[in-house]
Amino acid sequence: MATSATTGADADVHAPVRRGRFPWARCLHSTFVGLMYFFMLCPLIFVVWLSFFEDAILYFPPSGYTLQWYVKAWANDAFANGFVFSLQVAVLAAICGVVLGVLAALGIVRYRFAGSRAANTLLLSPLLIPGIVAGIAIYLAYLAAENFLDMDIVGTYGGLVIAHVCLTIPWTVRLVSASMAGLDPSIEEAARNLGASGRVAFLRITLPMLRPAIVAAALFSFVVSFENLELSLSLVGPGRTTLPIAIMQYLEFNLDPTIAAVASVQILLLGIIMLVTDRFVKLSQVV
Amino acid sequence: MAKVSIERLKKQFGGSVAVSDFSLDIADGELVAFLGPSGCGKTTTLRMIAGFIEPTAGTIRIGDVDVTPLPVHKRNTGMVFQRYALFPHMTVAENVSFGLEMHKVPAAERDARIRTVLDMVRMTQLRDRYPRQLSGGQQQRVAIARALAIQPKVFLLDEPLSNLDAKLRVEVREEIRALQQRLGLTTIFVTHDQEEALAIADRMAIMHDGKVQQVGAPQTLYEQPANLFVADFLGKMNFFRGAPDGAAFVTERGTRIAAQSGAGGARHLGVRPERVRLAAQPGDGNALPGTVESAVYLGSLLEVRVQLDSGETVSSQVANGAPRGQAPIGTGSRVYACFEPADCVLFAE
Amino acid sequence: MTGAAMTAVPTSAGRVPRMLGPSMAFPASLVVLLIIMVPILMLFRYSFNHFDTVEMMQEAFTFENYVRFFADPYYRDVFITTVWVAALCTVLALVLGFPVAYFLAKTQSRYKSLFIILLVFPLMVGNVVRAAGWMVILGNAGALNTVLVGLGLAAEPVQFMYTPTAVVIGTTAVVMPYLILTLQSVLEGIDFSVEEAAQNLGAGFLTTFRRVLLPIAAPGVAAGTMLVFILCMNAYATPVLLGGTGLTMMAPALYDQITRASNWPFGATLALVLVCGTLLLALLSNWLIHRRYVRTMAS
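Residue numbers (the working numbering), protein chains in the order written: chain W, 15 to 301; chain B, 382 to 730; chain X, 788 to 1086.
Keep in mind that the hints were calculated from the coordinates and are not lab data. Note that this is a predicted model, so its numbers are computed, not measured. Fair warning: there could be bad hints in the mix.
[To be verified] Here are the computed lysine-lysine pairs in the DSS-like style, where the Cα-Cα straight-line distance is at most 27 Å:
1) B:Lys391 / B:Lys455
2) B:Lys384 / B:Lys548
3) B:Lys384 / B:Lys592
4) X:Lys893 / W:Lys86
5) X:Lys899 / W:Lys86
6) B:Lys548 / B:Lys592
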C-alpha cells in the first residue's frame, strides 16, 4: 500500500491550500473530522464513563463516582470465568494459528507452487464468511461428527479453539505474506554470497526480518479470537462461555455500571494489545 | 585472489537470450568493468559468476576451479549489491562478522579482520550502529567491508554507485579503486555509467543485447572502437557514411576524407568531436568547409555544430581554455572543420 | 524486484524439493478445508432437507425451504430490511467518512499516526462493547435523551432504542473506521500532482473532485464499499442489541431458526440466501461502479 510520499521541506510544497472563495472551508473540514471521530469513539467513552457511576441504575448526570463495579464484576462468576475462558481460547488459537499460518505463508510466497494462488484464497476465505453462518455450520458439522466419532465436541474447549484457529490463520497469512512481499530479496542473496547455505541464510537472515510481522500476527490473532462473538455463539457450552457472549447475554436484559465495568476491562485489555501490536506492524495497512 | 576464466557463457530465459557466447579471461588483480545500456546482459553475467543464476551453457573458472556446478555459498565471491543489502537486524560489526562466521573463521581472527576491514573503509567509529542509522554512503562502505572481510577470490560489484549522489559517486569510486589496487583484488565492476568505467577499469567489456562488443583497455576502446555501437556508446562520434576510394574515404555527399591507409571495405568513418578543430583557414590534413550552426556553452566545453557545405553536419568539441578576449565562435561564421587522417576510425559495417 | 523475486529458489546444487511448498501450506489448508469449507457445504446440503418437528431434520431433497423463504412476506421483509439497512449504512459511512479519509490522506501533521490508531482502536475492542456504548447513549435514560430533555429540545425522552434508527446509527459507527482506512489508503496512492494540474488548467475544487479525483479513486472506493456492505449485511450483535424486536435482520433471524426453532433446514436456507444474496449485490454494485468510472481510464 502506498504511503504518503511527502515529508519535510517537500511537504510544504504539496500542503493543501484553499484560497479564495472559501477561506473557512478548512476550518469546517477539520471540525467535521473531529465530529466524526467523536461519533466513532463516543460509545467507548461512554461505556468507560458509565463504569464509574455511583448509582446502580443508569442516570445522567451521575451522583458520584466509584470503583465498586469493577470489584463486583470480578466477583461475578459468569464474567470472571468468561474472561479467563476467553483468554485461554485466544492464547491457544493464536499460537496454533500463527504456527500454521506462518508455515503456510512461507510455503505459498517463498516456495511458489502450482496451486499456491488457490491455497492462498482458501486460507483467506474464512474472512468472507459471516461469523454466524460459519458458527452454525461448524456447530452442525460437529454434531454430525459427534455421532460418527462417538465423542463430545460441541461446547468443548477444543472444539471452540479449532474453530477460532480458522479465524487466526487468515489474519496470520495476510500479515506475514504482506511482510514477505516487502522484503528486499538481495539481502538473502548477500547472505548466501557471504557463505551461508540456503537454509542458514533463511534461518539467520530472512526469518529474523519477519519477526515483527510474526509477533504482530500473534497479537492480532489473540485480539480477533478474544473479541469474537458470532462464531463462538453456537459453539460454547454450559459453564463455558466467552466474555463477549457473557456480556451480550447480560446486555439483552440489563444495562448498568457492572456490565460497563466488564466491557471497560475488555476495552482496556484489547486496546493495550493493539497499541503494542502497532509497534511491530502498521495496523492501518492491514485492517 | 585469483584469475577468472569465463568460457562461452550463455543464458537463455524461455525464448529470449540474455547473454550469448560470453568469453573473457580476467587476470589476477585486474579490475574489469562490464559496461553497457540497461538490458545488455551485464548484470545477468555478473550474477552467473556469483552463482545466483544458472547458465544455460558455458563454464566459469575461478583460479583453476570450475565453479559452474557450485552453489552460491561455496564460491567465495564477495559481492556488493546495488542497494547494499545490509542485514537490518544486525549492527555494522555483526554484518561484517556474518561472512566470517560462515567461513568458520575462529573468533580471535574474526575480531582482527573486522577491525582491519572497518578501518579500511573508515567505519570503525560506527561499528555498533544499525543500517537504518547510516547514510547511503556509509551503508555502501559497510557493504564493501563486509564483502572484503571474507577475503574473496573475486570481488563483484553490481552498480554499487548508482544510488549515491553525483559528488559522492566520484569520491567512492576512487576509494574503491585505491582499495582494489592496494589489495590486488580481482574485480568485476558492473555499471551503465561510462565515466565510472573509464576512470577505474584496467579493462572494459562493452556489452549490447547479450553480446560482448569489445574488450580492452579504456583508451583502446575509446580511440579504436571495434564497431559502430562501441564508437557511439563511448563518448560522442561524428559518423560519415560512404565508401573507400583508393586511399581515401568518400562520403555519400561526395566529401573526400583522407583516412589512414587500409580504407578498403569500410562503410562508415568516424571522428571524435574533440579531434575536430575549427579554423579560419585550412591547414594540413582534412579541412572541410562549412558554416557554424550552433555553439552550445557547456561550462568547461563548447560544443559547436557546423553545417558543412556538402550538407553533412559535424560536431566539434572545444575546451573553453582559450585566452580571454579572443572572439568567441559565432553562429553563421565560416570555418573549416579540420582533423588528421590518423584521427579517423573506419568501420566495416 | 518484487515479492516474486523472493521466491527465487536456490539454484545449482541445494535445489529445494518440489513438495516443500505444498507440504508447508498443507496443514493450515487442511484445517480450513475441514472446519470451514466442509461444514459450509454441509449447510448448503441441509437447506434442501425437510424439517420435521420431531426429528428436526430429515434427509430429503426438496426446495420447500427456499419456496417458503421467497413466498413468506415476513422473511422477504427481513431480507429487504437487511439490504436497505446495509445500503443506508454503507452510503452514510461513505459520505461521512470520505472527508475524514481525505483529511488523513493529505495531513502533514505529526499526529497522523495517532489519528490512525484512534481509528483502529474501536475496530479491535469488539462489536458487543461498542453496541453497549450506544445503548448507554441512546437509551431512554441515556446521554442523548438527557441532553435533549435538559436543553428543552424534547418534552420527554425520545425512543431511540429498539428502532431502525438505532441500528443504523450503531452499524454506521461500526463500519466507518473500516471504510475510512480503506479510502485513505486509496487516496494516498493517488499522485496529488494531478489535482494540482487540474487546478492549473482552470478547474475549481468541486470540478477537480468530480472529474479527476473521484474517477481515479473509484476502483478503490468500490472495493472498500463492497467490503463494508458485506459487513453490514452480516451484522449480528448490533441489530440484536440495538434493534431488539423492533427490527429483524437476516443474521439474527437465521440464528434464531437454528437455536430456538431448531429448524435446521430453514436456518440453512436463510444462511445461504444471506451469503449468496450479499455476494451478488456486492458484485453488482462493484460492476456498476467499474462501468461508470473505470471505462474512462486506460487499462
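Tell me the hint numbers this structure goes against, listed in increasing order. Of the numbered hints, 2, 4, 5 and 6 do not hold.
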